[in-house]
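Enquirer: Next come the chains, spelled out residue by residue.
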Amino acid sequence: MPRRVAIVGVGLTRCSSWRRDVLYPELVYEATSAALQDAGVTPNDVDAVVYGSMDPFDGVNAPEKWNVDACAAAGMLSKPYLKISTGGTTGGSTALAAYYHVASGLHDVVLAVASQRVGENLEAQLVLNTAVDPVYERGFGVGAITVAAIQACSHMHAYGTTEEDIALVSVRNHANALNNPYAHLRVKFSVQDALASAMLSWPLRLSDCCPSSDGACAIVFASEERARKLAQQPAWIRGAGQITDNYFTGDRPWYEDWDSLAMLARRVYRLAKIDDPMREFDVAELYNAFTIQEILEYEALGFCEKGKGAELVRQGVTAMDGRLPVCPSGGVLSNNPIGASGLIRVAEAALQVMGKADQRQVPDVKTALAHSWGATIGFHTLMILDQKAP
Amino acid sequence: MSSKVCIVGVGQTHHRGPGGDLAYYEFAFEAARAALEDAGLTKGDIDTVLASGWDVLDGRTISDMHLVPAAGGYLKDSAKVADDGILTFAYGYMRIASGAFDTALVMGHGHAEAPTELVSNVALDPFFYRPLGVGVTSSLALQVCAYAARHGVSEEQAAGVVVKNRRHGVGNPYAHLRSPVTRDEVLASGPIAWPLRELDCRPQSVGAVALILTSEDRAKRISSRWATVEGIAWAAESYYIGASELWRLGGLSVAAQQAYRMAGISDPLAQLDVAELHDITSYHELMAYEALGWAQEGAGGRLLEEGATSMEGRLPVNPSGGALSTNLDAGTGLARVAEAALQVMGRAEGHQVEARTALAHGVSALIGPIAETHGVAILRGNE
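Just so you know, the protein sequences line up as chains B and E, in that order. Taking our numbering, the leading residue of the first sequence gets 245, the next gets one more, and so forth. Taking our numbering, the leading residue of the second sequence gets 1425, the next gets one more, and so forth.
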């Protein structure tokens, strides 16, 4: 049984399509200094730092090098510093790494940092295309949006989900983002506006897709002893995990269901003793880079039966005033600094549990779920946070 | 922590030069399979798989997409440490030590498809450092200049490291370069970045290495021979090399002191039986002797000249031939851990020394001394 670990501080940056006002280390410092301040610790109190980014999406290779001093890991401090890259799950994997740093007993206070400057990138989809096999799949243009479009086609075909359903997901997330000062896109629009936006990869329109963002996030993880002293209400890690699906896109024929996520959810729910996710979660921060994915995630995570995800959207179950609000932050649809987005999900879930989510706070949150997906939809991470220590 | 963390299996490919017709994940498959066979396990026994390396060196975005399934990680909990493999080893250690996983496979590979000097130059900020044109080798050379000038280290002393490690590498059936070189050959080899010559620098190798980690309780049940991790630590250095003391490996000193303390080592020269160091250049092995507390600052060369660190010496360093014989890029630090484990398990065929306690060192030096991270692991055999 791993020792108990909690989140005691969170730092977010303002995000935009290009944070021209700051150098990269300044952007990272914006997040790290805010997290340390939120946790009430100084750089000297931090035992180790974990850094996450997806290098090929940045204009600088291995940005953890340039940013090591902004994480207070180097110089006279000479701290343990370790870098994680796992595609879109990078932020989720970074949170997991920080968790194991503390759970192992090797470190007591650990700073998780993730960043991305997609604004330095000409086109993220071209970069992602270089992830897939150069012989068999690259020429087909496989990337995030094309794979998500296959998910959408399959789900619509198998379960009758409509373009209006996915437009509703977009409208709800963007309305939520209006309450989040850290979101990149903060625009109000209607279902009609969404359906009138440009078609990018059928049936996904502009309104169904995440933006490309510059931003960073930092979280302070602490051991039980330190957490109880540092935070009035820590966000305890109740369960966490990752899953790795196969590599070739063509080897995964069932795109209407997200079986790898369902499998991971079963494992993590068993660890966390979650029997009825719809009843036991008070809020969920899901990695909804594309509207259709939020619907598949509901089903894989057991919020509803297979094929019934769109009904939750139509009935408003996942709206701010619904039974299980999803993405009060506006989600990845409103803000996507790729390598940081998974860590932002964990940060937003932690803020909800700690009661510090300000305008976007859901009342009486006791238990929250944070998710991320990565690679060409082959990776997932989950982390369950709770007001009570496990 | 209820139980110590142990290495119960080591697998590696027969490392070679660039070219050939294998994809990098095929090397990962070969090494993972060898490690499983070595441990007497099957892939079903592995809970978690951790890969190493920077995508920008692999020339492949999200390289763990291919590496992890190739190493038996399909539908398992995985991650990639985009750093030197000794840090992947550290993460594997933490995953097992937490009690959340029983058995981990940790791997590192070398298969640079991108030119390392260009990749490392583009890892620098575009305003101050990048226009200077420095990359990994030229920044290492700056460090070597500072070290050699401060302590009067000669090219002949550095050449002695190359002669030693290349001689050792002849005995390692997995090494890439398995031919000895003479001091004269080193000194006559072409200049790369002053004072570094071609043979002072590591080659470019392809191949992979994999380790199986488990708890001591499980090791006792499934194995008769294993290596226990007695100490582990790692430490980062600043990005701003203009403000650094370039002539010493500060991060290595910090990591070594922490690892020694954890392992109960007060007199490393007496208590260690063998060491595998990340000799990213010949001079860096001498600097490492000093940072590890085996010699006074500037006296690393004398330790070498006394023969203390050759196969027959009191503390053999790099019986495997080190990075000067095989450079797997981000896999190199993990290869050092693998070799240290083989030594204390008594299974370093062709290059075995008498060893119960070993030290392994790896450095995350994508851009040389610029924001490098040093890792140190101390292993002990169970017999």
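Please note: incorrect hints may appear among the correct ones.
Which stretches of chain E does chain B cover? Using the computed rule of at least three CB atoms under 8 Å from a CB of chain B, they are [stated by the list, open to error]:
1) 1646–1653
2) 1670–1678
3) 1729–1739
4) 1746–1759
Simulated coverage check for chain B against chain E, where a stretch passes if three residues somewhere in it have a Cβ under 8 Å from a Cβ of chain E [stated by the list, open to error]:
5) 312–323
6) 361–375
7) 384–395
8) 453–467
9) 496–502
10) 562–570
11) 577–584
Don't read these hints as lab results, they were simulated from the structure. Think of the CB as a built atom: it goes at the ideal place given N, C-alpha and C, for glycine as much as any other residue.
Enquirer: Check each numbered hint against the structure and report the violated ones by number, ascending.
Expert: Structure breaks hints 1, 3, 4, 7, 8, 9, 10, 11.
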